[in-house]
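Asker: Following the hints, position chain Z against chain H.
Top to bottom, those sequences are chains H and Z.
If you count by the numbering used here, then the first sequence holds residues 4 to 321, one letter each, in order.
If you count by the numbering used here, then the second sequence holds residues 4 to 321, one letter each, in order.
The set of hints was computed from the structure by calculation and includes no laboratory data.
Please read these numbers as outputs of a predicted model, since none were measured by experiment.
Treat each hint with caution, since some may be false.
Given that identical chains are not distinguished, each listed pair holds provided it fits within a single copy or across any two copies.
To be verified - Straight-line distance between alpha carbons at most 25 Å, and here's what the computed SDA-like set of lysine to any residue pairs gives:
{"hint": "1", "residue 1": "K215", "residue 2": "L5"}
{"hint": "2", "residue 1": "K170", "residue 2": "D76"}
{"hint": "3", "residue 1": "K35", "residue 2": "L213"}
{"hint": "4", "residue 1": "K318", "residue 2": "T273"}
{"hint": "5", "residue 1": "K170", "residue 2": "I320"}
{"hint": "6", "residue 1": "K174", "residue 2": "M229"}
{"hint": "7", "residue 1": "K73", "residue 2": "G314"}
{"hint": "8", "residue 1": "K153", "residue 2": "I180"}
{"hint": "9", "residue 1": "K279", "residue 2": "E26"}
{"hint": "10", "residue 1": "K9", "residue 2": "I320"}
{"hint": "11", "residue 1": "K9", "residue 2": "Q34"}
{"hint": "12", "residue 1": "K279", "residue 2": "M39"}
{"hint": "13", "residue 1": "K95", "residue 2": "Q127"}
{"hint": "14", "residue 1": "K309", "residue 2": "R268"}
{"hint": "15", "residue 1": "K35", "residue 2": "D150"}
{"hint": "16", "residue 1": "K95", "residue 2": "K215"}
{"hint": "17", "residue 1": "K9", "residue 2": "L321"}
{"hint": "18", "residue 1": "K163", "residue 2": "T93"}
{"hint": "19", "residue 1": "K9", "residue 2": "D76"}
{"hint": "20", "residue 1": "K215", "residue 2": "I165"}
{"hint": "21", "residue 1": "K215", "residue 2": "A311"}
{"hint": "22", "residue 1": "K163", "residue 2": "E211"}
{"hint": "23", "residue 1": "K35", "residue 2": "Y47"}
{"hint": "24", "residue 1": "K10", "residue 2": "L321"}
{"hint": "25", "residue 1": "K9", "residue 2": "E26"}
{"hint": "26", "residue 1": "K77", "residue 2": "I319"}
{"hint": "27", "residue 1": "K10", "residue 2": "I31"}
Protein chains: 2
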Amino acid sequence: MLYLSKKDIFNLVSFDELIDSIELAFRIYEQKSFQMPDRIHLHYRENTFLYMPCFTEDIIGTKVLTVFPKNTDKNVPVIQGLMLLNDVETGKPIALIDGASLTAFRTGAVGGVGIKHTAKEDCQSVGLVGAGVQGFYQLLFAAKVRDIKKIYIYDIFEDKLISFKEKLLEKLTDVEINIVNNTRELVEKSEIIITTTTSEKPVLPDDEKLLKGKHFIGIGSYKPNMREFPEALFKLLDEVYIDTDFAAEESGDLVIPLEKNWIKREQIKTFGKLLKDNDIKSDTTLFKSVGMALFDLVVANVIYSKAAEKGVGQKIIL
Amino acid sequence: MLYLSKKDIFNLVSFDELIDSIELAFRIYEQKSFQMPDRIHLHYRENTFLYMPCFTEDIIGTKVLTVFPKNTDKNVPVIQGLMLLNDVETGKPIALIDGASLTAFRTGAVGGVGIKHTAKEDCQSVGLVGAGVQGFYQLLFAAKVRDIKKIYIYDIFEDKLISFKEKLLEKLTDVEINIVNNTRELVEKSEIIITTTTSEKPVLPDDEKLLKGKHFIGIGSYKPNMREFPEALFKLLDEVYIDTDFAAEESGDLVIPLEKNWIKREQIKTFGKLLKDNDIKSDTTLFKSVGMALFDLVVANVIYSKAAEKGVGQKIIL
Chain H
4 MLYLSKKDIF
14 NLVSFDELID
24 SIELAFRIYE
34 QKSFQMPDRI
44 HLHYRENTFL
54 YMPCFTEDII
64 GTKVLTVFPK
74 NTDKNVPVIQ
84 GLMLLNDVET
94 GKPIALIDGA
104 SLTAFRTGAV
114 GGVGIKHTAK
124 EDCQSVGLVG
134 AGVQGFYQLL
144 FAAKVRDIKK
154 IYIYDIFEDK
164 LISFKEKLLE
174 KLTDVEINIV
184 NNTRELVEKS
194 EIIITTTTSE
204 KPVLPDDEKL
214 LKGKHFIGIG
224 SYKPNMREFP
234 EALFKLLDEV
244 YIDTDFAAEE
254 SGDLVIPLEK
264 NWIKREQIKT
274 FGKLLKDNDI
284 KSDTTLFKSV
294 GMALFDLVVA
304 NVIYSKAAEK
314 GVGQKIIL
Chain Z
4 MLYLSKKDIF
14 NLVSFDELID
24 SIELAFRIYE
34 QKSFQMPDRI
44 HLHYRENTFL
54 YMPCFTEDII
64 GTKVLTVFPK
74 NTDKNVPVIQ
84 GLMLLNDVET
94 GKPIALIDGA
104 SLTAFRTGAV
114 GGVGIKHTAK
124 EDCQSVGLVG
134 AGVQGFYQLL
144 FAAKVRDIKK
154 IYIYDIFEDK
164 LISFKEKLLE
174 KLTDVEINIV
184 NNTRELVEKS
194 EIIITTTTSE
204 KPVLPDDEKL
214 LKGKHFIGIG
224 SYKPNMREFP
234 EALFKLLDEV
244 YIDTDFAAEE
254 SGDLVIPLEK
264 NWIKREQIKT
274 FGKLLKDNDI
284 KSDTTLFKSV
294 GMALFDLVVA
304 NVIYSKAAEK
314 GVGQKIIL
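Bound-form chain H, shown alone (with noise of 0.2 Å):
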């Protein structure tokens, strides 16, 4: 068995192999070629175990993660945990991968996905709303797929975004990095605006002249009292696009303007149709992303195989 750490995953794999394999996990997602079972969620204390389990033709598989809050006090992350890939003939474990990484990685790479296939071509600023390990993902996905040269970033935690933008400097050497005050001024200066906080209420102002021709890439939202668009935005849409059908279900960025009539089910449509009929129909676009353990399963198999094929990993004799 193989134990791939985030290290072995930067060192084997591109950003171009990551968006690749995010399309490629959209397009088994509309083929129907998968099980997925309910993701599941336990309890012990404030904290919570997470199972994802997936399984397709060829490769079968379960992240496991734990999710401890309080971490945050102990300078530890919050989200941990490891994927494992079993042989699909046999069931016999043969690889785990860090877990934190690998979401990070494909919760980048599905936010990229989301930007080069609903964004302008000639987008060149980016706009994010939430300086955590996701949204740091989210804006190198998102200079991969767009000559981006400018980054507006916020947070209400102003403390963070310092060290932020140091981080961020030392990988996107060519762009300017801007802290801003409110996220008024972050949505005036972006094109694109990716969200990616656990906020019960909208983080944007309910402004349609503000949000028009923009295009949103939605992260944080995964539970439905979870909210990161105000109503406004939702006037200005002919659809949104989620990459799961549960999404609707699962995202408060979907349950209330359903419920509120801002929009009907029949204009929430799966990334992966849009992939294939390829007809954005509005200049204001709206991608909305929960995840799901598909996405894990894709990516990891791509990293376990280039791992394999190049002698990669701390090898675990079972």
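Answerer: Structure of chain Z alone, referenced to chain H:
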């Protein structure tokens, strides 16, 4: 993170320590100082994925097993998997333990604890119906808790018995091991009878006189349609001991006797309660185990603690 193989487990913990761990698990079970969500079964083709999470005050973890029935054709173990232990404070993965060996060891130890507390002190003979991996460990532990001089083995697949006997003789050098032709002979000659089959009908003769005064350990039946024990046995019992309350819903050896009114629910008692009260009622006894994640967790923790202390195991850099 540490990886601990079958060999590591063998070298790290004694049978006595495994028996102590299972007794500890039974006490934790009675005190209800744990959380054990229902085990999760997922089906993929003809195969099963099994997730068994459990959390106590001090230990948290999950056993992930695959059951691939066609592996027998490939000479690969049907059950494979990993036990993952997480740090109780942060969720960080701290150990992975070979899941198949852990299962075999702990199930053997559960049977051993059953014999230790239900069988007469001076028993010297044990019969096993079902010559598989679980049966093998059952006999090793039986020989640990009683001064066993004679073993009788039976399997419907007779060709398994020769190599089973040879393997067993390597571990139990002082014991006489006999292959018998039927289970009537096996019960006649044995004081303790262990069953580890997946049979859907009783594997022992329905004969009160034959069964009277013997000690039965049921390991096999773990689904409502599986049964190993005949009606006659239940007429001889004042009480049935079970490892967990849900055994009464999961095992056909309890579900069917309850339905048919051969026993009443109030005659079924958890083994942890027996350990506390120490009040065996009849000279014929039955201990029925279906297993639970709490056993895996407690045993895994003992293995891990000893490994960490002695510097044993493969170190994985996360």
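Asker: Output the indices of the hints that this structure fails to meet, ascending.
Answerer: Violated hints (numbers, rising): 1, 3, 4, 6, 7, 11, 13, 14, 15, 16, 20, 21, 22, 27; every other hint is consistent with the structure.
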